[in-house]
Amino acid sequence: MTRFARVAWLVMRKDLTVEARSRELLLTTLFFAVSTVLVFAFGFVRDGRAVEDAAAGILWIAIAFAGTLALGRTFERERYHDVLHALLLAPVDRPAIYVGKLLGIVALMTTVELVVVPLVALLFQAGLFRYPLHVAALLGLGTTGFAAVGTLFAAMLVRARSRDVLLPVLLYPVTIPVIIAGVRGTAALLQPEADLAMAGAWIGMLVFFDVVFITLSLWTFEPVMTE
Amino acid sequence: MSVSSATIGQAPSVDFDRLVFDDVSRYFGRRRALAHVSFESGAGEIVGLLGPNGAGKSTALALAATTLQASSGQVCYGSRSAAQLGSALRGRIGVLAHELQLYPELTARENLEFFGALYGLDRAAERSADALARAGLDARADDPVGGFSRGMRQRVALERALLHDPTLLLLDEPFTGLDEASAEALIERLRSLKAAGRIVLLTTHDFENAEAVVDRVVLLKAGRVAAMDSSTGSLRDRYRHAMRVEAVPGGTA
Chain A
1 MTRFARVAWL VMRKDLTVEA RSRELLLTTL FFAVSTVLVF AFGFVRDGRA
51 VEDAAAGILW IAIAFAGTLA LGRTFERERY HDVLHALLLA PVDRPAIYVG
101 KLLGIVALMT TVELVVVPLV ALLFQAGLFR YPLHVAALLG LGTTGFAAVG
151 TLFAAMLVRA RSRDVLLPVL LYPVTIPVII AGVRGTAALL QPEADLAMAG
201 AWIGMLVFFD VVFITLSLWT FEPVMTE
Chain B
1001 MSVSSATIGQ APSVDFDRLV FDDVSRYFGR RRALAHVSFE SGAGEIVGLL
1051 GPNGAGKSTA LALAATTLQA SSGQVCYGSR SAAQLGSALR GRIGVLAHEL
1101 QLYPELTARE NLEFFGALYG LDRAAERSAD ALARAGLDAR ADDPVGGFSR
1151 GMRQRVALER ALLHDPTLLL LDEPFTGLDE ASAEALIERL RSLKAAGRIV
1201 LLTTHDFENA EAVVDRVVLL KAGRVAAMDS STGSLRDRYR HAMRVEAVPG
1251 GTA
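Keeping their order, the protein sequence lines are chains A and B.
Using this note's numbering, read the first sequence as starting at 1 and increasing by one per residue.
Using this note's numbering, read the second sequence as starting at 1001 and increasing by one per residue.
These are calculated hints, taken from the structure and not from any lab test.
If you're wondering where the values come from, they're calculated on a predicted model, not measured in any experiment.
Do not rely on the hints blindly, as some may be mistaken.
Said to hold, decoys possible - Which residues of chain B face chain A? A partial, calculated answer using Cβ under 7 Å:
1. Glu1045
2. Val1047
3. Thr1067
4. Ala1088
5. Phe1114
6. Tyr1119
Said to hold, decoys possible - Every beta carbon over 10 Å from chain B, so not counted as near; a handful from chain A, in silico:
7. Val7
8. Leu10
9. Ser35
10. Val83
11. Leu87
12. Leu88
13. Ala90
14. Pro91
15. Arg130
16. Phe208
17. Leu216
18. Thr220
All C-beta atoms in this analysis are idealised placements derived from N, C-alpha and C, irrespective of residue type, glycine included.
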């Protein structure tokens, strides 16, 4: 394993260990995501029938909102007791720390999705399991793109007083393309006649967004973290 | 978590035998934290940075630790700056900050092993166990740090700062929360580091303990060097005298 990958792995494993001990982020994001889906279900499901095309949007709203909550807290942990400075003092490539944090967030959001996707499928009678590979690709790529930008912004805002307010204000305008691609790709799969070509096109768009966002984040993380 | 003894590989060697502040100023926006500060600390020397709250002591330590950059002037490690030495320099610096920089959810052992692995240390697990024994915490090694007293956490944090055997050790209020026995143990430790040729820069308000260990003091007042002295006698009296005198630009009084 390269030094870069080793550092990323160490940071991710540390984050997951801390989360396994506290369960702070998992429980709050899960509760928030499930609550969001339930509230929408009360609004959009009438007589056991869901409003057409609602499921895709609701799924991605739940993921984005829950992800924002998790992103805000993940760097709060590093700020608490000033551990972030200790991390930044280590003689490692700082982008490796970013990748470790990103992997931790993606793992957390994936766990939330494992609960939210079946819940949306159940409450909205959405065929999310008809094309599991396509859905997994959309969710995996969309989550990565969203978390890539979110991890960078959360790191940027770690020293800002209004970070809780500023994070969604900065994050959503930039990640709108990812969320739109996720929603449209998922909606294409949920039609009575699934449009696999359209879903594939959106998956391609998500790959493009992920490459751009991760490249820019790796490039800017070092200067962003230097005071 | 078992952060195992797996290693990342040793950082390149970056040797230096003195820390030099050369006319260093640092501003935060329009607020001046340090102004034209110059002093030097050599190998085998313990220098105390003393001054009232807001004098710029922690800013000076952050500049030496490379977590801040000087607005003007430069901090040199030997004859080279942090920019010239690159990220490997950070592997030769140990920092004990006022905030103890430990993960409360992780055990003392996990904290040390995690940072040991980040620093690419060989035998990180073994070194961590030795460090915990030195800190007198081997019996509590597998307890989460969040349940420790301030003094115990201070001892773990000190071991974390020393785990990679740094050339330059920066200590911000190292005696805070320590009982008498722990403070004496820290003084002995600092003396052994001095004997081993390490460069130690510490800030403190604890004059009695500082007097027992520092070779020279740099007295800061409102971001300027008010005095530098290595004379003997009551440190508290020298401090009071220096604080009554107006700060002198350039360093010496």
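Here's how the hints hold up against the structure:
no.	hint	verdict
1	Glu1045	violated (22 Å)
2	Val1047	violated (20 Å)
3	Thr1067	holds (6 Å)
4	Ala1088	holds (6 Å)
5	Phe1114	holds (5 Å)
6	Tyr1119	holds (6 Å)
7	Val7	violated (6 Å)
8	Leu10	violated (5 Å)
9	Ser35	holds (26 Å)
10	Val83	violated (5 Å)
11	Leu87	violated (7 Å)
12	Leu88	violated (6 Å)
13	Ala90	violated (4 Å)
14	Pro91	violated (3 Å)
15	Arg130	holds (39 Å)
16	Phe208	holds (31 Å)
17	Leu216	holds (21 Å)
18	Thr220	holds (17 Å)
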